[in-house]
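Chains as they are written, first to last, in the numbering used here: chain L, 4 to 304; chain E, 588 to 863.
Simulated from the structure, these hints should not be mistaken for lab results.
Glycine included, each C-beta is placed from N, C-alpha and C at the ideal position.
Treat the hints loosely; a few may be bogus.
Claimed, not checked - So the derived list for chain L, only partly shown, Cβ under 10 Å to chain E, looks like this:
1. 78
2. 83
3. 88
4. 286
The primary structure of each chain is shown beneath.
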Amino acid sequence: MADLTVSLRGVSRHFGPQIAVEDVSFSLEPGQTVALVGHNGAGKTTLMKLMLGLIRPSGGTLSVLGEDPGSGFGARREIGFLPENVAFNPSLTARELLGFYARLKGARSEVGPLLAQVGLEEAANRRVGTYSKGMRQRLGLAQALLGRPRLLLLDEPTTGLDPSLRLSFYETIRTLGSKGATVLLSSHALGELEQRADRVLIMHRGRLLADGTIGELRRLAELPVRMRLRVNGSWPALEAALPPGTEVTRSDGIVDLACPAPRKMEVIRHLASDGTAVKDMEITPPSLDELYAHFLRGGGE
Amino acid sequence: MNATLAIAGKEIREGLRNRWIVATTLLLGLLALTLSFLGSAPTGSTGARALDVMVVSLSSLTIFLIPLIALLLSHDAVVGEAERGTLLLLLSYPVARWQVILGKFLGHLVILAIATIIGYGAAGLALSFLSGDGFSDGWAAFGRMIANSIGLGAAFLAIGYAVSALARERGVAAGIAIGIWLLFALVYDMVLLGVLVVDQGAVITPPVLNALLLLNPADVYRLLNLAGSEGAALATGMAGLAADSALPAPVLVSAMIGWIVIPLALASMLFSRRQL
Numbered sequence: 004m005a006d007l008t009v010s011l012r013g014v015s016r017h018f019g020p021q022i023a024v025e026d027v028s029f030s031l032e033p034g035q036t037v038a039l040v041g042h043n044g045a046g047k048t049t050l051m052k053l054m055l056g057l058i059r060p061s062g063g064t065l066s067v068l069g070e071d072p073g074s075g076f077g078a079r080r081e082i083g084f085l086p087e088n089v090a091f092n093p094s095l096t097a098r099e100l101l102g103f104y105a106r107l108k109g110a111r112s113e114v115g116p117l118l119a120q121v122g123l124e125e126a127a128n129r130r131v132g133t134y135s136k137g138m139r140q141r142l143g144l145a146q147a148l149l150g151r152p153r154l155l156l157l158d159e160p161t162t163g164l165d166p167s168l169r170l171s172f173y174e175t176i177r178t179l180g181s182k183g184a185t186v187l188l189s190s191h192a193l194g195e196l197e198q199r200a201d202r203v204l205i206m207h208r209g210r211l212l213a214d215g216t217i218g219e220l221r222r223l224a225e226l227p228v229r230m231r232l233r234v235n236g237s238w239p240a241l242e243a244a245l246p247p248g249t250e251v252t253r254s255d256g257i258v259d260l261a262c263p264a265p266r267k268m269e270v271i272r273h274l275a276s277d278g279t280a281v282k283d284m285e286i287t288p289p290s291l292d293e294l295y296a297h298f299l300r301g302g303g304e
Numbered sequence: 588m589n590a591t592l593a594i595a596g597k598e599i600r601e602g603l604r605n606r607w608i609v610a611t612t613l614l615l616g617l618l619a620l621t622l623s624f625l626g627s628a629p630t631g632s633t634g635a636r637a638l639d640v641m642v643v644s645l646s647s648l649t650i651f652l653i654p655l656i657a658l659l660l661s662h663d664a665v666v667g668e669a670e671r672g673t674l675l676l677l678l679s680y681p682v683a684r685w686q687v688i689l690g691k692f693l694g695h696l697v698i699l700a701i702a703t704i705i706g707y708g709a710a711g712l713a714l715s716f717l718s719g720d721g722f723s724d725g726w727a728a729f730g731r732m733i734a735n736s737i738g739l740g741a742a743f744l745a746i747g748y749a750v751s752a753l754a755r756e757r758g759v760a761a762g763i764a765i766g767i768w769l770l771f772a773l774v775y776d777m778v779l780l781g782v783l784v785v786d787q788g789a790v791i792t793p794p795v796l797n798a799l800l801l802l803n804p805a806d807v808y809r810l811l812n813l814a815g816s817e818g819a820a821l822a823t824g825m826a827g828l829a830a831d832s833a834l835p836a837p838v839l840v841s842a843m844i845g846w847i848v849i850p851l852a853l854a855s856m857l858f859s860r861r862q863l
């Protein structure tokens with residue numbers, strides 16, 4: 004178990020009477036990209052601060068890169084962190100700031116390449132005070148990538164990034180992941196996490212509600228698979244013989260079906276059995292948004 | 588050590604960029620010049636050299652101004668970064684909290700030293716040329732006064748970090764800082780004087796008075812300057828006090844160092860306990 008990047012066992016953190024994190028256990032392995040999902044105040048940021056050793060747990064144990072993060076700061080050399088709403092001193096330039104952070108991590112040679120990587124090369128000698136939110140966010144990403152981290156903690160990393168930067172951001176994450184870095188990212192944009200996260204942790208009021216790959220969570224949630232069909236006149240005959248448990252809504256020529264996930268193939272075979280009745284078909288598995296809503300409603304017991 | 592120096596370097600760069608260094612240098616230089624030219628008129632009869640007079644008038648200026656500048660620089664160091672959101676990121680780096688305090692201290696100290704040396708030094712140069720004394724031995728006392736001023740600034744920087752690490756909000760830190768400034772620069776001596784007059788030497792014997800003087804960094808500074816310059820003591824009419832005072836220079840220097848080191852240690856301790 005020594006090669007786990009992060010391991011939490013029964014970790015709690017209270018701020019006075021307020022419970023920020025309660026009895027959370029999970030572990031992260033090298034190379035994993037994990038999405039941390041939850042509403043505001045669910046404990047996502049507190050978890051990241053605990054892993055950085057910025058606050059100590061009220062109970063439970065945690066180990067990050069083989070060390071207790073509270074006992075020293077050696078492990079932080081290999082952690083990249085992007086806080087939510089990252090802020091910089093506005094009177095310095097991006098190059099000066101990144102140079103400063105690089106010096107703290109002993110990675111001064113990476114400043115130029117990283118500025119280029121996040122597309123700030125041309126603005127590097129301008130004061131950060133003149134930057135847009137997206138540019139500050141990119142500078143934030145650049146500093147998190149300093150020192151080739153083995154663990155990246157990214158709190159809402161894609162806020163303020165335009166679509167092309169988002170793509171290149173996720174590209175970077177994938178490259179790091181393939182080199183063995185663990186990436187933990189929290190986000191509200193569940194849709195974009197869906198394709199990119201190997202695993203999802205759902206937090207609610209300080210507790211870990213669900214933990215698994217999206218596929219596993221779908222199985223757990225037992226949410227229906229939705230299909231949208233374009234049909235012709237011979238549809239009613241097909242509808243009458245659909246497998247049980249399938250819900251149907253019709254509006255001229257378009258049919259929406261919702262069937263339990265285990266019956267999906269059965270339904271599809273049935274639909275295809277009459278050669279021409281179904282002209283087109285779209286299948287949508289439950290999205291991360293739906294899964295999240297489901298677990299929040301208490302679907303995960 | 589590298590992290591501490593990196594933080595110090597960043598503070599100096601920020602000081603240059605936001606004109607702190609330029610502004611304080613100009614302020615100190617202009618005030619020093621004004622004071623010394625106004626104050627140089629009535630020196631003829633005391634036999635004091637122009638620079639000695641300047642040491643006296645500048646120490647009075649320093650007691651008010653340098654602590655104020657130092658507290659302005661330092662009261663914001665922790666709580667300001669926390670409120671602007673830059674502290675969280677800094678502390679996620681492999682840096683100990685005492686290194687943050689020490690780095691900021693070194694950086695601010697350099698800013699203060701540049702302003703004091705250039706500001707006072709330029710005024711001193713101008714005066715010694717105009718008065719015709721040339722480079723007399725008054726410069727030794729003048730140099731010591733500048734060094735003492737930087738020491739006084741260091742003490743108030745350190746006090747400011749302790750305030751900054753303790754306060755939850757910037758406004759509170761500023762309020763406490765101003766209170767501390769008023770206490771040490773004004774109130775302490777007034778109260779002490781009042782008590783001395785009422786007491787008539789019954790409780791406050793010379794050793795007690797000495798101890799009380801050491802409890803205020805501004806008084807330590809004043810005594811250090813007097814101890815350093817006979818001419819200056821003559822000019823203030825306080826030669827008697829300086830001679831009476833059983834506080835030799837090493838004691839005063841140690842007291843000043845204590846006023847720097849203890850608040851710095853306190854600031855580091857308070858900062859380590861601070862919740863983010």
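Numbers of unmet hints, in rising order: 4
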